[in-house]
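K.L.:
Now for the letters of each chain:
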Amino acid sequence: MDTYLVAAFTATGIYVLLTLGLMLQFGFAGLINFGHVAFFAIGAYVSAILSLHGVPVLVSMAAAVILAAMAALPVGLLAIRLREDYLAIAMLAFAETVRISLAAEQWLTGGINGLTGIPRPFFSPGIGRADNLTYLAFVLLMDVAAVLLIFRIVRSPFGRLVRAIRDDENAVQALGKDPVRFKVVVFVLGSAFGGLAGALQAHYVTFISPDQFTASVTFYVWIAMILGGAERISGAIVGALLLMMFLEATRFISDVVPWISPSDMASVRLAAVGLALIVCTVYFPHGVVVRAARR
Amino acid sequence: MSLVVDGVSKAFGGLQVLDAVSFSAPTHERTGIVGPNGAGKSTLFACISGFIRLDRGAVHFESHDLTQATPVSAARWGLVRTFQVPRPYRHMTVRDNLLAAAPSQSGERLRNLFLAPRQVRREEAAIRQRAEEVLGFLRLQSLANQQASELSGGQLKLLELGRVLMTKPKLIMLDEPFAGVHPVLIEQLCTHMTSLNEQGIGCVVIEHNLGALAELVSRLIVLDRGKIIADGSPSAVLSDPNVGAAYVGRPQ
Chain A
1 MDTYLVAAFT ATGIYVLLTL GLMLQFGFAG LINFGHVAFF AIGAYVSAIL SLHGVPVLVS
61 MAAAVILAAM AALPVGLLAI RLREDYLAIA MLAFAETVRI SLAAEQWLTG GINGLTGIPR
121 PFFSPGIGRA DNLTYLAFVL LMDVAAVLLI FRIVRSPFGR LVRAIRDDEN AVQALGKDPV
181 RFKVVVFVLG SAFGGLAGAL QAHYVTFISP DQFTASVTFY VWIAMILGGA ERISGAIVGA
241 LLLMMFLEAT RFISDVVPWI SPSDMASVRL AAVGLALIVC TVYFPHGVVV RAARR
Chain B
1 MSLVVDGVSK AFGGLQVLDA VSFSAPTHER TGIVGPNGAG KSTLFACISG FIRLDRGAVH
61 FESHDLTQAT PVSAARWGLV RTFQVPRPYR HMTVRDNLLA AAPSQSGERL RNLFLAPRQV
121 RREEAAIRQR AEEVLGFLRL QSLANQQASE LSGGQLKLLE LGRVLMTKPK LIMLDEPFAG
181 VHPVLIEQLC THMTSLNEQG IGCVVIEHNL GALAELVSRL IVLDRGKIIA DGSPSAVLSD
241 PNVGAAYVGR PQ
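Quick note, the sequences are listed as chains A and B, same order. In terms of the numbering used here, the first sequence opens at residue 1 and continues consecutively. In terms of the numbering used here, the second sequence opens at residue 1 and continues consecutively.
Since the hints were derived computationally from the structure, they do not count as laboratory data. Do not take every clue at face value.
Claimed, not checked - Covered stretches of chain B, as calculated for chain A (at least 3 residues, CB under 8 Å): (1) 2–13; (2) 78–88; (3) 94–104.
Think of the CB as a built atom: it goes at the ideal place given N, C-alpha and C, for glycine as much as any other residue.
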């Protein structure tokens, strides 16, 4: 049981990072990014490939963050000038392009078979109980660092201007500041969080393949963010926790209702998550955190 | 030092909204632009401030060519505008609205937040000091911690003026500052604009409220159907029969 809990919390910790990245982009700057998984994938593959070539794991992870950010820069510069609904579509297409390229470039990524034997940091290569706990601690440490970083940014003059941009972009322009620069910076930053989450995922599961990086990851992160409340750091954390609890709980549906075949189970879980999202948007439109705070 | 508008024309589809409009507004003067609805006043502002590309003509401010400039560079050169419908940062306090408008803050670069935190703190303190001065000047201190969304229409106009002042402008362009504003606040706004003008900040005002505008400005330009039909001192312009005709309607 405790092995199971450690695994669930590690996965949650990784989702917290993804959700924080999206919260920066959408909740903070109003950017609609439907391609968040692209940077999760880039982070995972960069760190995996480098470490499989003998680069120390922590260095690979740092490189993954930097490369995810560098990938976001040109995409952001192009897409953020588009109308916001076009940004969403452009990012969806970008994420699919990344996933298909990962499947196609066999020489580098192992194609659809993916990459195996990705080393763990600290205790490699053996994966024991102590190792999993250490890794969980490492993931949580990254979460804490991310939260502190976001606090610093949101409460700075930079954060103040980003909030101004979200309220009225034309007024910001009329007062002599270019909204595009700020939006691109937030986009790159959020993507860097995605890259870090990807690197942590790759070294945790030690096996990655393109089918782990489909658009459904992006939408799970959106769901987590909306569940918790898009405008709050605590919302991202609570939302990721709720989503994971929900996904894990629905895993046991098959014990209660044995007539659903395992292959149908995935669809049933997705439907259950969708239902929960509808219920939440009806009863907690600003997220459960805001609802709780107002009580 | 002046704003020079030279033969500016703009058409939307088949509609000629501005037809070779030329005037120059020195910064030591207070210039009013009036005209009936649809005369092209707001379009003229949008063309000058870079929000709309003009078809023909040129706009210069001091040594800068504004003809192809973006709103961002126009504002950086000291030509700052407000909007007909106020555009406050609704979810921010009045004070934060002002703080966000302070120009070129080093704390707006992430690099400086982490590499030069002391410089950021020092600058922030100076900006806060300046915001308090502006709040005092506009008598907005009591509203400093209110959300902008809670202000009245007149208070929003004062807030917009405050934000403009934070940018240290050379010429302020106000689009209908008196519309929907309480007469007491109109008087206040006029006092503020006059004292700013005496400090050397120019102002160009679009307005429907002729009475209040004639009190404020030293020169009136009348636009009708995209053309300037009168330009001179308020008393001369208001007694011009053409101007009355444009407002009241022409005899058939």
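K.L.:
Please go over all the hints and tell whether each is borne out by the structure.
P.N.:
Now the hints, each set against the structure:
Counting residues of the segment 2–13 of chain B whose CB lies closer than 8 Å to any CB of chain A gives 0, which falls below the minimum of 3, so the coverage claim is violated. Three residues within the 8 Å Cβ limit are the bar, and the segment 78–88 of chain B against chain A gives 6, so the coverage statement holds. For the segment 94–104 of chain B, the assignment as covered by chain A holds, since 6 residues bring a beta-carbon within under 8 Å of that chain's beta-carbons and 3 suffice.
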